[in-house]
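**Student:** What follows is the residue order along each chain.
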Amino acid sequence: MIKVLNGRLERIDRREALHYLGLTAKDIPEEQTTKLLDECEAEALRAQDLRAVYSIYDFSADGDELDLGFAKAHSHSLALNLAGCNKIVLFACTAGIGIDRLIAAYSRISPSKAAAMQALGAALVEGWCDEIHGMCIREYGANKSRFSCGYGDLPLTLQRDIFAALSVTKRIGITLSDNCFMTPSKSVTAIIGIKQNQG
Amino acid sequence: MNFSEKLKDNIIYLDGAMGTQLQNAGLGVGELPEEWNVSRPEVIRGIHRAYLEAGSDVIYTNTFGANCLKFGDRTEGVVSAAVRIAREACEGLSDRYVALDIGPTGKLLKPLGDLDFEDAVSIFKRTVRAGAAAGADLVAVETMNDCYELKAAVLAAREACNLPIIATFVFGADGKTMTGTSPEAAVAIAEGLGVSAVGINCSLAPSQMTAVVKRMLKVASVPVIVKPNAGLPEDRDGATVYSLSASDFARDMAELVSLGARVVGGCCGTTPEYIARLKAACAHIAPLPVTDKALTVISSYTHAVYFGENPVLIGERINPTGKKRLKQALKEGELSYVLGEAVKQQERGAHALDVNVGLPELNEPEVLEKCVSEIQAVTDLPLQIDTSDPVAMERALRRYNGCPLINSVNGKKESMREFFPLAAKYGGAIICLTLDEGGIPDSAEGRVRIARKIIRQAAKYGIGRNRLIFDTLATAVSADSNAANVTLGALEKIRKELGCNTSLGISNVSFGLPQRDFITASYFSVALSKGLSAAIYNPYSDEVEKAYRTFMALSGRDKGCGEYISFASSVEFGTVIRSKTVENVSGEGGLKYAVIKGLKDVASAEAKTLLATLKPLEVIDGYIIPALDEVGKGFENKTIFLPQLLMSAEAASAAFEEVRARLNPSDNSKGVSVVIATVKGDIHDIGKNIVATLLRNYGFTVYDLGRDVPPERVVEETKRTGAKIVGLSALMTTTVPNMKETVELVKRECPWAVTVVGGAVLNEEYAAMIGADRYCRDAMETVRYAEEIERSLN
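Note that the protein sequences, when read in sequence, are chains A and B. Residues 10 to 208 in our numbering are what the first sequence spells out, letter by letter. Residues 15 to 808 in our numbering are what the second sequence spells out, letter by letter.
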């Protein structure tokens, strides 16, 4: 059963956004930067159109040869992450095309707002991922960390299988380019393992 | 009876889901459904036949994703097999129609995605040609999330065959498509492109579609299509089932048919039983007639704007006539200035924007096309495309994402012959000037006569008078005291006698007079009272805004005068001379401080003050540059962060704008100019834009070619401008080879230029490897390098 979910966040993690802008945890943002981010955050929250699609699959592994239930893959890093799991949750989610429009618009007229919107958009979709992750924990007992294409040796081309399995484009409107980049750009796909009988 | 005849007076029953049926027949996960046209045609034929037996008048071929992106050279084979199977299924039945199904490509179009509009058109054309040749009766464009892609598909169908086209969008529960299009805009766009029916499919249950269907019915002059899902998918014992039973679906659909929906069927989760029940439930409902709403409408990709009710304000600022700064920006390809004007006019309350880039030294078709799509990236206002060159007009109309406003046609035979076919093909409203081979008549009657002639001629192209907006030509009252009377007289007659909408370029009336705004604004008020539907105006004029706001209140359009009150309370007592509110910078002040703090408005105001006593170059060298240097150093030392650096750069730009207005071309500070681009295949341009902004701040002339720029284009511009520096940016490893190719081509063709490269994937080593002269880590370093080159030349 493939499920579709819509959401809405009330705020965006400021620390996360600052991190994307190159500030470390101990850096204090200038007053104008805080103002800029406040303004852009309000706009981003108005533009958000959070959607997700997810499903659960059987998982088995033979060394690094993985049967993900929706596709076969070869990956050492994912094999390590999913060691001991027999099921996985696969999800795709997006912050929506409105954020891309804002980034595209500001990249033409205001570099500072473009950078701020990039960072806030990334932090927004990260926050949305956390919500979905939380739900996967409650609904399926998914108890591993999120793992995405491009992490370690998990090939980006697995995106094509993920898109086919969940009908991502049709269900929530994310499209995949020839080189496996997603639009809207603030989108994430990930696998979360479910490890039974722990301990 | 053919499909178009049947559509006239009947309720048309479409089929239900294909995908759901195929999954039940064993289609595997990830398997392409269209493969079965070739491998298991009997299953597809059986599904079609079941729908036909259930009562479907129209069956959709199994070609939802049958395009060359997925099937390559097999596309034609897969598509014609699908049509053949559907035709076979119809054998022995009369008045059944095969619709060639066209779904989305699965890619997002530029500028947000990576698929070029014309490439999308070509992809759809291949499918349409094959389907039409195989004998389809109509083309059904469906499940479109993006109105731009729908436009590409419908245009492709119109250009590749003569079949009727029906089109449906996907709407969310919020009443918008995923890319933000309203039902009214969706109807305007699809009708403008000549579809036979328009509507909604997929995603929602019938009852969830009611609001959107009602809104479409209100404005559509063609039949409205409704093809919903069988409710929402639910998990029942591990199997996916849809929440609505066939009888519930039929009951809810019957309500939509009673409202006026005329073309009905089912999408995901529906089966032949749903169609049979639907048909039974609607058997007693008489089809409501479809009426011509005779609306005058334009739209962007988000919303529609109607003429006739409330006056429409069309911003005139993107037109180089008499605007030195815009001319320069257009010549140098400095699009950010043009885009800034678009945003400012929207902020000042314009409802639509005129776009005119007619300059003798520009390649108008190319620049107009580019400006239209770039402006649409920063504003969601509908655009009025303004050119007298039919080639430029067609290119812009094709690219335009929405239902356009064409500016303009006049009563000359040649003008109508050139522009009416374009209007007939691309839709939208048309500004019609009441002049012809004999010039501008000096009587109101003469102008009305031309209007009548234009109406008759437009009808020959199938263009109704509702799509014509007459401009009775505002001319200078200083040159002819009767000018305003004649123009307004003609306007009133056209409005009352011909029932057409009207427009005026109101600023022209005050030409040659002092305090032009006084005359323009009063003229505007009088014209509004005589029924003016639209004004091409200067959104920065407070007097004109005052005239508009007061008219809205006095004519009862501004209920409770709420908008007037908020306008009135935003202006100084007794005047309409407003100055932008400038932040209080408490004691500390000055241009340098404003730039360092990144206060845009303050910087611009401070620069203005300084320029009263100082020379432009003194302001640059004494204030702007030192401030930028300080910020730049802070950034290098990590005491200032990226957002602050960027805000400072923008504040410096704002100050520089003021300086530039007083700068003689002869003291243009730097001798070196820079051609800058993000390389082919790469669409990331934030970094590149930052570099361009900073270079301009430091007085360099920058020719910005944008992103995804082919090597040949970089060379062409470097040759044209004689630029000494070529700056290239790449953010993805996959596009570094294109950067290498560009560097090599520049070296070969433009030996006088040095190349400087940057971007996330590059480093010094990499830069050397691809033969670039210099790698720069960030924008500041690029500025330092440009200064180095400048010095070495002196």
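Hints are computed from structural coordinates only; laboratory data are not their basis. Misleading hints may appear alongside valid ones.
[To be verified] Label pairs and their calculated CB-CB ranges:
1) B/G574 to A/D47: 26 to 36 Å
2) B/E755 to A/D76: 40 to 50 Å
3) A/L89 to B/E269: 51 to 61 Å
4) B/N651 to A/N152: 38 to 48 Å
5) B/N16 to A/G16: 26 to 36 Å
C-beta atoms are modelled at their ideal positions from N, C-alpha and C, and glycine is treated no differently.
**Student:** Now, for every hint given, state plainly whether the structure supports it.
**Tutor:** For each hint, the structure was consulted:
Remark: the range hint 26 to 36 Å for B/G574 to A/D47 is upheld by a beta-carbon distance near 32 Å. Between B/E755 and A/D76 the Cβ separation comes to about 42 Å, which falls inside the hinted range of 40 to 50 Å. Against the hinted window of 51 to 61 Å, the Cβ-Cβ separation of A/L89 and B/E269 comes to about 56 Å, which satisfies the hint. Our hint of 38 to 48 Å for B/N651 and A/N152 holds, since their Cβ atoms are close to 45 Å apart.
B/N16 and A/G16 have their C-beta atoms about 47 Å apart, which leaves the hinted 26 to 36 Å range violated.
Hint 5 from the earlier list is the only one contradicted by this structure; the remaining hints agree with it.
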